[in-house]
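Q: Produce the complete structure using the sequences and hints provided.
Chains as they are written, first to last, in the numbering used here: chain A, 1 to 363; chain B, 1001 to 1361.
Hints may be right or wrong, so weigh each one.
Going by beta-carbon spacing under 10 Å, a handful of chain B positions derived as facing chain A [as the list claims (entries may be wrong)]:
id, residue
1, Y1230
2, R1234
3, P1283
Simulated from the structure, these hints should not be mistaken for laboratory data.
All C-beta atoms, glycine included, are put in the ideal place defined by N, C-alpha and C.
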Amino acid sequence: MSEVNGVPEPGLQLPERVEKGDLLLSVQNLRTHFRVRDGIVRAVDGVSYAIERGKTLGLVGESGCGKSVSALSVMRLIRAPGDIVGGEVMWQDRNLRDLSDREMRRVRGDEISMIFQEPMTALNPVFNTGNQIGEVLREHRDFTRKQRYERTIEVLRLVGIPQPEQRVKAYPHELSGGMRQRVMIAMALACEPQLLLADEPTTALDVTIQAQILELIREIRARTGMALLLITHDLGVIAEMADDVAVMYTGEVVEYADVKSLFAAPKHPYTRGLMTSIPSLMTDRTERLSTIRGSVPHMMRLPEGCLFQSRCPEAMNICRDNRPQLQRLDDGRTVRCHLYPQRPSGHDGEPLPQARATAGAVN
Amino acid sequence: MATEASASGNGVSDDVLVSVQNLTKHFPVRGGILLRTIGHVHAADEVSFDIKRGETFGLVGESGCGKTTVGRTILRIYPPTSGEIYFGGEDVSKLDRKVLARNMQIIFQDPYGSLDPRITVGGIIGEGLEVHGIGTPEERNDQIREIMDIVGISSHYAQRYPHEFSGGQRQRIGIARALVLRPQFLVCDEPVSALDVSIQSQILNLLRDLQGEFGLTYLFIAHNLAVVRYVCDRVAVMYLGKIVEQADTPELFSNAIHPYTRALMDAIPVPDPSEQRERLIIPGELPSPTNPPQGCRFNTRCAVAQDVCFNEEPPLRDFGDGHFVACHVAEDFDRRGTALPQLSGEMHEAITDAVRSSSTE
Ligand SMILES: Nc1ncnc2c1ncn2[C@@H]1O[C@H](COP(=O)(O)OP(=O)(O)OP(=O)(O)O)[C@@H](O)[C@H]1O
Ligand SMILES: Nc1ncnc2c1ncn2[C@@H]1O[C@H](COP(=O)(O)OP(=O)(O)O)[C@@H](O)[C@H]1O
Ligand code: SF4
Ligand code: SF4
Ligand SMILES: [Mg+2]
Ligand SMILES: [Mg+2]
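A: Structure (structure tokens):
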């Protein structure tokens, strides 16, 4: 396997169409680790994804697979014991990892902003709504007090908060979950970012409120041309909102494709498992649900070889000791699984000799 | 045609295991320095339904609409403000608590918070047996081991503590604890909402297997309509403490009548990117349950509300075949789907207007 100092070489990690697109953000081989008492948690380990201008990338996967950590890494909001230990975060022509803290603060909240998974931890409980949004504007815009107030009212109205002149005085605990989420979105939109990172923006909300918030995000996206990284574990939300999807499992991207191809023909056994195990309004009520056996392995006790092997219905001998690489299929999508023949980087054609040899040796 | 009725029969027949009749539960709201009662949360108001032996009865609705309150009041974890609950024809207020506990149990939503971290898994599961003085310690251990194997937790782990288990395993432990007394009736309060998607289907299958094996009757509380559709035989939809619609599952999902039920169904994201649809979005939020709206409780969000909806509370009316609806204009939206496009158009327009008027152009 192609590795330099134990670090996997970035191969064909992005779907072909994405790689050739007009990229706003390109995360390349990102590695973010946490040093904890009994070892290292490789929360994000060689993740690559990219977002084209105006497009939406959905990031799916189960709890703990590294979705939030990857987005927080883009924003450079990883705190000890965590650290970004490798990779690049290309924002247009700059690597965000090379910026000074001061330069990064200028990007954050202005060019790129984020809606956090837990609104209560992101909102400051002692500031009222107006002050929270005003603070973002003070940081990034040379506005007068009056301009700041007007912009605050404007964004609150934009996110559908009724009577914004009154609501600017409300403190976070005085707002419902849906309203709080709207305030978070208003804060994130105050400076009209080119990219919004939305981490489970609706997971804690009821479906009717979720529908309102998704519609709001859709409307703003259409009006401003903003790009979106949407993190969720709800495949329905992905299907409705995303252009491309990256499926994550234990710190890695295991499949990456445009949304239609992915739902039409999921390639990775994990993606297939996710899609078939969730009851939908179409599920046959008389059949047993199909399941993915077992559960996500502990991040500190990951196996050699494929990280999904203990749960995979199609695991082969080769899967036990060989960690599969992401590779591009003929249709331009990428998948990390030994079921698909390995190709040498940059070429379409014969499987790599050593991959064939390994496969032959264990079978 | 629709006749006024209650979804719970007055005479309790043999095939009914649990009968809930006009159940009302209000919680006092305290305020001021003296913590006087300054109002009441109307968590459940005049709720009636029957659960038949061996069936799964679903209760759905947005958070705060009163599902958990109904479930816990049935089990007498909360005393009701008014109304009656019958179990196998007997008034539960007259039954001994121990008898109740042997017959009715609950599985909680939160597999993390609901297990005592200081007690071994075997201890947690066996607690009920001990409280009821069932068997010798030997026999109790056998029963604990047996139920652990049934729910899919190796009985070798009986001496371990809850924190050593994953969410799905903890939910299995919660199920084992509820089943060890071999109850007939189980309240499943959002049993999979807190679990990872791949684990949810494992637990749903387990609940289905156990129902077959032990002939259990379930009250299944959830907010995920797709899960409810898969699991339940009949479903009641709650809004702000009231049942607004009730029907057999296939009927409800093919012919939902109440504007709230329709909106709820429409709000579910569909995991199929090739399906582009116009969805109805109901504006606004759940009003305060301390001060529910006059007339129909849904009138603050309903796109087809009429004058009467602001004055008169719509009764739950019988539309035949076990389909009950509480809406003044239900007839307009009833039957075999013909009125659906009309409602969609109207609602959609109203919503688009609402969105427009609240945003700057
Ligand atoms: N501060 C921390 N210290 C140690 N480990 C951490 C820390 N933050 C995250 N991790 C670990 O990193 C991994 C990825 O976490 P992350 O929050 O990105 O998951 P996620 O995919 O967002 O999951 P969820 O769906 O639950 O939000 C997990 O194993 C988590 O336990
Ligand atoms: N113990 C309690 N004390 C006071 N209010 C309560 C209590 N339990 C529930 N409530 C209130 O009753 C209403 C219904 O709550 P609940 O039954 O938990 O709803 P659901 O389970 O449908 O989310 C809510 O407004 C809730 O805040
Ligand atoms: S590499 Fe092997 S174990 Fe891993 S997902 Fe593919 S078939 Fe399954
Ligand atoms: S009774 Fe009136 S307000 Fe209530 S749901 Fe029916 S139409 Fe809407
Ligand atoms: Mg997360
Ligand atoms: Mg509840």
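Q: Just to be careful: measuring from the Cβ of R1234 of chain B to every Cβ in chain A, is the smallest value less than 10 Å?
A: Not OK, violated: R1234 of chain B not within 10 Å of chain A, min 13 Å.
Q: Under the criterion of a CB-CB separation shorter than 10 Å, is P1283 of chain B in contact with chain A as hinted?
A: 7 Å, holds
Q: How about Y1230 of chain B: closest beta carbon in chain A under 10 Å, or not?
A: 4 Å, holds
Violation of the numbered hints given earlier is confined to hint 2; every other hint is satisfied by the structure.
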